[in-house]
Amino acid sequence: MNMERGQNHQNRKPPRLGRDALVAAICGLVVVLMVGASYAAVPFYNWFCRATGFNGTTQVATSAPTGAPLERKIAVRFDSNVAGGLPWKFEPEQTEIEVKIGQVVTVYYNVTNQSARTTTGQAAYNVAPLTVGSYFEKINCFCFTEQTMAPGEKREMPVVFYVDPSIAGDHDNDALNTITLSYTFYPVRDATPKPLAASETDKAKGNL
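Going by our numbering, the sequence shown opens with residue 1, and the numbers climb by one from there.
Keep in mind the hints are simulated off the structure, nothing from the lab.
A few of these clues could be false.
Stated by the list, open to error - Taking lysine-lysine pairs in the BS3-like style, the calculated list, with each CA pair at most 25 Å apart, reads:
| hint | residue 1 | residue 2 |
| --- | --- | --- |
| 1 | Lys73 | Lys138 |
| 2 | Lys138 | Lys154 |
| 3 | Lys154 | Lys100 |
| 4 | Lys73 | Lys100 |
| 5 | Lys89 | Lys154 |
| 6 | Lys89 | Lys138 |
Based on the provided sequences and hints, a complete structural model is requested.
Here you go:
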(Lines of atoms letter the chains of each structure in order from A and count residues from 1; the text may use other names and numbers.)
(Lines give C-alpha, C1' and ligand atoms only; values in the text may rest on other atoms or scores of the structure.)
Protein backbone atom coordinates (compact mmCIF):
# COMPACT_ATOMS: atom_id res chain seq x y z
CA MET A 1 0.00 0.00 0.00
CA ASN A 2 2.79 2.40 0.96
CA MET A 3 4.64 1.52 -2.21
CA GLU A 4 1.58 2.47 -4.33
CA ARG A 5 1.35 5.88 -2.60
CA GLY A 6 5.02 6.53 -3.29
CA GLN A 7 4.63 5.62 -6.92
CA ASN A 8 1.56 7.90 -7.30
CA HIS A 9 3.47 10.81 -5.69
CA GLN A 10 6.37 10.33 -8.09
CA ASN A 11 4.01 10.27 -11.07
CA ARG A 12 2.49 13.62 -10.09
CA LYS A 13 5.89 15.39 -9.86
CA PRO A 14 6.64 17.32 -13.11
CA PRO A 15 9.86 16.38 -14.86
CA ARG A 16 12.52 18.94 -13.79
CA LEU A 17 14.42 18.89 -17.09
CA GLY A 18 11.35 19.89 -19.10
CA ARG A 19 10.46 22.68 -16.66
CA ASP A 20 13.99 24.14 -16.76
CA ALA A 21 14.00 24.08 -20.55
CA LEU A 22 10.69 25.96 -20.64
CA VAL A 23 11.97 28.65 -18.24
CA ALA A 24 15.18 29.03 -20.26
CA ALA A 25 13.21 29.41 -23.50
CA ILE A 26 10.98 32.10 -21.99
CA CYS A 27 13.99 34.02 -20.65
CA GLY A 28 15.71 33.81 -24.03
CA LEU A 29 12.63 35.14 -25.79
CA VAL A 30 12.42 38.08 -23.38
CA VAL A 31 16.09 38.95 -23.98
CA VAL A 32 15.63 38.83 -27.77
CA LEU A 33 12.56 41.09 -27.56
CA MET A 34 14.38 43.59 -25.32
CA VAL A 35 17.41 43.76 -27.64
CA GLY A 36 15.17 44.18 -30.67
CA ALA A 37 13.25 46.95 -28.96
CA SER A 38 16.43 48.80 -28.03
CA TYR A 39 17.67 48.77 -31.65
CA ALA A 40 14.28 49.85 -32.97
CA ALA A 41 14.11 52.68 -30.44
CA VAL A 42 17.18 54.48 -31.87
CA PRO A 43 15.90 55.09 -35.43
CA PHE A 44 12.42 55.80 -34.09
CA TYR A 45 13.82 58.42 -31.69
CA ASN A 46 15.84 60.04 -34.51
CA TRP A 47 12.78 60.13 -36.76
CA PHE A 48 10.67 61.61 -33.97
CA CYS A 49 13.23 64.37 -33.33
CA ARG A 50 13.44 65.29 -37.01
CA ALA A 51 9.67 65.33 -37.41
CA THR A 52 8.93 67.41 -34.33
CA GLY A 53 12.10 69.40 -33.62
CA PHE A 54 12.24 67.71 -30.20
CA ASN A 55 15.48 68.22 -28.26
CA GLY A 56 16.51 71.08 -30.55
CA THR A 57 16.72 68.96 -33.71
CA THR A 58 16.53 71.22 -36.76
CA GLN A 59 14.37 70.55 -39.80
CA VAL A 60 15.49 69.81 -43.38
CA ALA A 61 13.97 72.05 -46.05
CA THR A 62 14.08 71.44 -49.80
CA SER A 63 13.45 75.04 -50.82
CA ALA A 64 13.18 78.61 -49.56
CA PRO A 65 9.93 79.94 -48.10
CA THR A 66 7.52 81.31 -50.70
CA GLY A 67 6.62 84.59 -48.99
CA ALA A 68 8.74 87.65 -48.34
CA PRO A 69 10.79 87.73 -45.09
CA LEU A 70 9.16 89.31 -42.06
CA GLU A 71 10.44 92.54 -40.59
CA ARG A 72 11.03 90.86 -37.25
CA LYS A 73 14.69 89.97 -36.73
CA ILE A 74 16.42 87.31 -34.66
CA ALA A 75 20.10 86.98 -33.74
CA VAL A 76 21.60 83.60 -34.67
CA ARG A 77 24.73 82.54 -32.84
CA PHE A 78 27.11 79.82 -34.08
CA ASP A 79 28.87 77.34 -31.82
CA SER A 80 31.48 74.73 -32.75
CA ASN A 81 32.94 71.75 -30.91
CA VAL A 82 35.21 68.79 -31.70
CA ALA A 83 34.95 65.51 -29.79
CA GLY A 84 38.03 63.75 -28.45
CA GLY A 85 39.93 61.63 -30.94
CA LEU A 86 39.40 63.93 -33.92
CA PRO A 87 42.42 66.22 -34.54
CA TRP A 88 40.47 69.00 -36.25
CA LYS A 89 40.23 72.75 -35.78
CA PHE A 90 36.61 73.73 -36.35
CA GLU A 91 35.15 77.22 -36.01
CA PRO A 92 32.56 79.52 -37.62
CA GLU A 93 33.61 82.48 -39.75
CA GLN A 94 31.11 84.60 -37.79
CA THR A 95 30.00 83.93 -34.24
CA GLU A 96 26.70 85.82 -34.59
CA ILE A 97 24.53 87.43 -37.27
CA GLU A 98 21.12 89.10 -37.30
CA VAL A 99 18.56 87.75 -39.78
CA LYS A 100 14.99 88.46 -40.72
CA ILE A 101 12.50 85.65 -40.08
CA GLY A 102 12.02 83.87 -43.41
CA GLN A 103 15.29 85.19 -44.88
CA VAL A 104 17.54 82.54 -46.49
CA VAL A 105 21.08 82.91 -45.16
CA THR A 106 24.40 81.24 -45.97
CA VAL A 107 27.13 81.05 -43.34
CA TYR A 108 30.45 79.21 -43.32
CA TYR A 109 32.42 77.10 -40.91
CA ASN A 110 36.17 76.54 -41.39
CA VAL A 111 37.68 73.11 -40.74
CA THR A 112 41.35 72.12 -40.66
CA ASN A 113 42.73 68.61 -40.25
CA GLN A 114 45.69 69.24 -37.95
CA SER A 115 47.06 65.69 -38.12
CA ALA A 116 49.49 64.05 -40.54
CA ARG A 117 46.94 61.42 -41.59
CA THR A 118 43.62 61.30 -43.37
CA THR A 119 40.71 61.47 -40.91
CA THR A 120 36.93 61.35 -41.20
CA GLY A 121 34.31 63.02 -39.04
CA GLN A 122 30.59 63.66 -39.01
CA ALA A 123 28.77 66.47 -37.28
CA ALA A 124 25.83 66.29 -34.92
CA TYR A 125 23.82 69.44 -34.36
CA ASN A 126 21.01 71.11 -32.44
CA VAL A 127 19.61 74.54 -31.71
CA ALA A 128 18.80 76.33 -28.49
CA PRO A 129 16.32 77.05 -27.07
CA LEU A 130 15.29 73.44 -27.72
CA THR A 131 11.71 74.48 -28.48
CA VAL A 132 12.68 76.30 -31.71
CA GLY A 133 14.08 73.23 -33.48
CA SER A 134 10.87 72.78 -35.48
CA TYR A 135 11.21 76.33 -36.87
CA PHE A 136 14.89 76.22 -37.85
CA GLU A 137 15.03 74.98 -41.46
CA LYS A 138 18.33 73.92 -43.08
CA ILE A 139 18.46 73.74 -46.88
CA ASN A 140 22.09 72.67 -47.09
CA CYS A 141 24.49 71.49 -44.38
CA PHE A 142 27.80 69.65 -44.08
CA CYS A 143 26.32 67.58 -41.26
CA PHE A 144 24.31 65.44 -43.71
CA THR A 145 27.37 63.44 -44.82
CA GLU A 146 30.71 62.14 -43.53
CA GLN A 147 33.61 64.54 -44.10
CA THR A 148 37.01 63.06 -45.00
CA MET A 149 39.99 65.39 -44.70
CA ALA A 150 43.49 64.82 -46.05
CA PRO A 151 46.50 65.59 -43.82
CA GLY A 152 46.67 69.34 -43.22
CA GLU A 153 43.64 69.99 -45.44
CA LYS A 154 41.57 73.12 -44.87
CA ARG A 155 37.95 73.34 -45.96
CA GLU A 156 35.16 75.92 -45.95
CA MET A 157 31.79 74.32 -45.18
CA PRO A 158 28.53 76.18 -45.88
CA VAL A 159 25.25 76.07 -43.99
CA VAL A 160 22.13 77.42 -45.73
CA PHE A 161 19.15 78.02 -43.47
CA TYR A 162 16.17 80.17 -42.58
CA VAL A 163 13.86 80.64 -39.61
CA ASP A 164 10.36 79.49 -40.54
CA PRO A 165 7.90 82.45 -40.59
CA SER A 166 5.34 80.26 -38.80
CA ILE A 167 7.29 80.93 -35.60
CA ALA A 168 5.60 84.35 -35.56
CA GLY A 169 2.28 82.61 -34.86
CA ASP A 170 3.69 80.72 -31.88
CA HIS A 171 3.11 83.13 -29.00
CA ASP A 172 5.32 81.06 -26.72
CA ASN A 173 8.21 82.49 -28.77
CA ASP A 174 7.08 86.13 -28.80
CA ALA A 175 10.01 87.10 -26.56
CA LEU A 176 12.55 85.04 -28.52
CA ASN A 177 15.42 87.18 -29.80
CA THR A 178 18.37 84.74 -30.01
CA ILE A 179 18.87 81.26 -31.47
CA THR A 180 22.11 79.29 -31.07
CA LEU A 181 23.09 76.74 -33.73
CA SER A 182 25.60 74.29 -32.33
CA TYR A 183 27.70 71.65 -34.12
CA THR A 184 29.95 68.94 -32.72
CA PHE A 185 32.20 66.89 -35.01
CA TYR A 186 32.76 63.27 -33.95
CA PRO A 187 35.39 60.88 -35.37
CA VAL A 188 34.21 58.19 -37.76
CA ARG A 189 36.27 55.05 -37.23
CA ASP A 190 35.11 53.05 -40.26
CA ALA A 191 34.53 55.62 -42.95
CA THR A 192 32.34 54.75 -45.93
CA PRO A 193 34.58 54.18 -48.99
CA LYS A 194 34.06 56.88 -51.62
CA PRO A 195 34.39 55.94 -55.33
CA LEU A 196 36.98 57.73 -57.40
CA ALA A 197 35.77 60.26 -59.94
CA ALA A 198 36.37 59.41 -63.61
CA SER A 199 39.27 61.86 -63.87
CA GLU A 200 40.88 60.43 -60.75
CA THR A 201 40.51 56.88 -62.10
CA ASP A 202 42.15 57.86 -65.39
CA LYS A 203 44.92 59.64 -63.52
CA ALA A 204 45.51 56.56 -61.37
CA LYS A 205 45.71 54.33 -64.48
CA GLY A 206 48.24 56.69 -66.04
CA ASN A 207 50.49 56.33 -62.99
CA LEU A 208 50.63 52.55 -63.29
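For each hint, the structure was consulted:
1. With a CA separation close to 18 Å, the supplied pair Lys73 and Lys138 stays within the 25 Å bound.
2. About 23 Å separates the Cα atoms of Lys138 and Lys154, which keeps this hinted pair within 25 Å; it holds.
3. Simply put, Lys154 and Lys100 have alpha-carbon atoms about 31 Å apart, too far for the 25 Å limit, and the pair is violated.
4. This hinted pair checks out: Lys73 and Lys100 have alpha carbons roughly 4 Å apart, not beyond 25 Å.
5. With a C-alpha separation of about 9 Å, the suggested pair Lys89 and Lys154 falls inside the 25 Å cut-off, and the hint holds.
6. With a CA separation close to 23 Å, the supplied pair Lys89 and Lys138 stays within the 25 Å bound.
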